[in-house]
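When you get a sec, could you build the whole thing from the sequences and use the hints?
Each chain, written out:
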Amino acid sequence: MLQRGRLLEFVLADLYGPQRLLREGLIPPELVYPNPGFLRPCHGIKVPGGHYLHLYAANLGRGADGQWRVIGDRTQAPSGAGYALENRIVMTRTLPEAFRDCRAHRLALFFQTFRDTLKAIAPRNRDNPRIVLLTPGPYNETYFEHAYLARYLGYTLVEGGDLTVRDNRVFLKVLGGLQQVDVIFRRLDDDFCDPLELRPDSFLGVPGLTHAVRTGNVTVANALGTGVLETPALAAFLPRLAKELLGEELRLESVPTWWCGDPGALRYVLDHLDALVLKPAFPAVRGEPIFPAELAAADRGVLAAQLRHQGREFVAQARLDLSTAPVLTGDRLEPRKMVLRAYLAADPAARSGFTVMPGGLTRVSAAPDAMVVSMQRGGGSKDTWVLAAGAAIDFSLLNTGARVELTRAGGDLPSRAADNLFWLGRYAERAEATTRLLRGVAVRLAERSGLADAPELPALLHTLSLQRDLPPAHAKETPESHVLRAVFDATHTGSLGSTVRSVQRLAGMVRDRISIDMWRALNGLADFPTEPSVYGDDGPTPADVLDLLNRTVITLAAFGGLAVESMTRGEGWRFLDLGRRLERALHMIALLDGSLTHPAAQEGPILDAILEVADSGMTYRRRYLGSLRAEAVIDLLVFDESNPRSLAAQLAALEDDVNHLPRPPRGAGRSPEQRFALAALSSVRMAEPEKLAAVTDGARLELKTVLDHVGGWLPILSDAITQQYLTHLQPSRHLAAPEPVRRTAAESGDRL
Amino acid sequence: MRYHITHTTTYAYAEPVSLCQNVAHLAPRPCHRQRAEPPTLSITPDPAVIEDRVDFFGNPVCYFTVQEPHRELTVAVEHRVEVMPEPVPAHAPAWEEVRDRLPRDRSAVWMDAYQFAFDSRFVAADARYADYARGSFAPGRSILDAALDLMKRTHTDFVYDPRATTLATPVAEVFETRRGVCQDFAHLMLSCFRSLGLAARYVSGYLSTLPPPGKARAVGADATHAWVSLFCGDAGWIDLDPTNDTVPSDRHVLLAWGRDYEDVSPLKGVILGGGQHTVRVAVDVRPEDEGVS
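Protein chains in written order, with this note's numbering: chain D, 1 to 752; chain R, 1001 to 1293.
Any given hint could turn out to be false.
Calculated lysine to aspartate or glutamate pairs in the EDC-like style (CA-CA distance at most 20 angstroms, straight line) [to be verified]: (1) K1268/R with E288/D; (2) K1268/R with E1072/R; (3) K46/D with E1072/R; (4) K46/D with D1052/R.
For the record, the hints were derived by calculation from the structure and aren't laboratory data.
So this is what it looks like as structure tokens:
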């Protein structure tokens, strides 16, 4: 592996430099010129320390002869190192004794080396460079791994939109402004990294990044353009390259490979089709491997003709009879084919320039007879242990002996993450408040025998109708049917089901920002039904609905509780809290407006229901025992700042959050969002509880005035926060090209 | 012939643009048949970064960024270029000879040519282009004769129609509808040549237009232009302008060459903000001895 890494570095330095390998016939130009991975804008760019590959992976398979061979190389942004790490952590937790007794090498040293390397390649600031992990985003299938690695390595996880290039430098957009980035560890494919110079149809990257790299102000790992080596055809030329460039025999063989652009190789391939697997020469052209032996005769004829005409676009490899590993399926062990992905990290201190991961990611096929081992096809993965000759070195990246600078700043919250946390807070709270209200309605619908049995029901239904996000009730619809739609209607963006799914989606996007337990707590939402039909043809019974709502409240309450207990009060927590508080205040206003501003004659049951929905019944009963009085309920739910559910408590928290946000040094005085938060809080603090409870002409006008007033400030506050902190999250676009040429000599009648 | 060229591109935005990054191929490439003084490039607002370099294909290229909020971007370039006429070579090898030697000859000239024999984003080899080209590329025919004949056929078979295509129109559609503009015809000819296994490049530049007899030359009525250049082995590279069925001489001013439009588009950029935007281009190619005769 070390030799192969060294060799590939030589090849890259030549392809992006003098290209003598092409002139000397050591690599066919047909594998470079039409290769989508050969990035002409990157030609001639100097890489720090001459290193192109900082993390390199090779897929290894073991054939019937027991020999390990390389099946493929991953040179631009290899995935899976994070999965290897996660597998290891799970295994050491589940089988600690076995792990210790077997004396397997730990992985942490490898990652420590990788971290040191990324520090060493920083163009400036090498003691403490700012390193980010650039991900394509949550819709990428390995996003989990990106978030996991970012957390483990201590890098900020960013998307292209979080970065901007100014003055040939790359900056991270954080709440406080722009912070210069020194090293980008990227999980984006080469050409996606820059829509300006590399791939115009990609906006996952950072416009201008190529030029920033060219000017030496930022280092990208792996270097841009390294994907050119991912053509499987290269394997056919490595033995000779090893001799020419290193003066050595290639020590780790590749699976026998033939590039069909070579006439001799093509003849062999056509004569031995059945024993081979065919792949596209350039992996950017997504294509499935073809197994000629499995094809019908006619299709084989088509394939052979294709090979004769477009041979250079195909690579043939010997079919490897892969070795197997036992896999537990159900209650028994079954053999599955396996492929080991092994990793190298660049290591400037090592003679070879690399260090090997003492382990790797072993992937196993989904079925015993599967021909391709792939996680996308349902395969699994295994931890891979390399046994130590002596004692394994006990070393953990999570607890290194190195001295650290003590700090309490979380710093550098990307604006995008702030935006997502804000909305996560809002949706989580919206889901919880909606669930409590729906539960209040559903429990009374289930118990009533007539409206007379539940005099508070009309008030609750009225409150329900004030929830502007929920699907509105149809004319003549029964309350039961409306509640069912409010819970399940997947076609309505405001139904509880839709809100719950928004919570899950947003939590996935900020997975690196919330605690692992918070993420786990939300797993409780995973089985929230997408439609009522999952309960059978008759739909859910009232008991089913109540059970679902109860479980949902508990899950969301656990999430909220963990947010309080397991997140430091950094900028991220502030935005999550802002979202929660805003939403809770809005729901409290709607609850009080819907049920108390126009009191019924018999208010007792209504007050009881409000206390239940507002989760404040216990406090009330402890203070007032059985006596239900409107002024006492209003005091507890509007004014009492010691009640975490009260309106005033939300407003006080909002004011506190806003006061803790980073502020540009821009003169004295309060910022707009500080003023709006204070205005909302003051309008409650200045009111008098007794007056709010007073009824004039059948209405609580004072209460209505205060609620409307606060309800008016909150959207303004929300907009101000967005304006101040989140607006620069706009997308980049291409300039329109000038219209196609409109005039030529031909048009003007001129003939040459 | 000496030319004084002005080329102004103006983008107008409905909303402010806070950041704009650009790559411009707007400086005439020096080569044996043309001499150019360094162009004057004026950009408004003032770019924060402006850097010249040479791209992979040897063209001068300018990278610039505007980092202050703006509602209009103007890129004006002024050139003085002298273009020498070049005779068309009398002899050229048979086209198959060039085709067969391209993959084998590792000398610098042939290696440099070979890279233009492959597919690129706008140009993909296909049997239908090869079939069309074979109408001119008879076995054993001189590559130059065959190419001139293909150019003439293209000019006859295809209609110049600025309304028929946009930049995004694929060659396949141009081939189907038989309509397009100079870029389309250039990409079409490249597709034909590369489908035969020959090496050909896309050329971006200007064309000096002559006024209709008795009329004054209309300033700003000129345009950027595009044509192709075919590698003819020992006869060298021969330029061909299928839009006008002519071998470019001293009325074509070269800016840059590449595999297709994408490698050498005169100006491309990425913006942050801006909303709706419009673009205006004015080109004037004035012979310097104009009015003196």
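Q | Hint numbers contradicted by this structure | A | 1, 3
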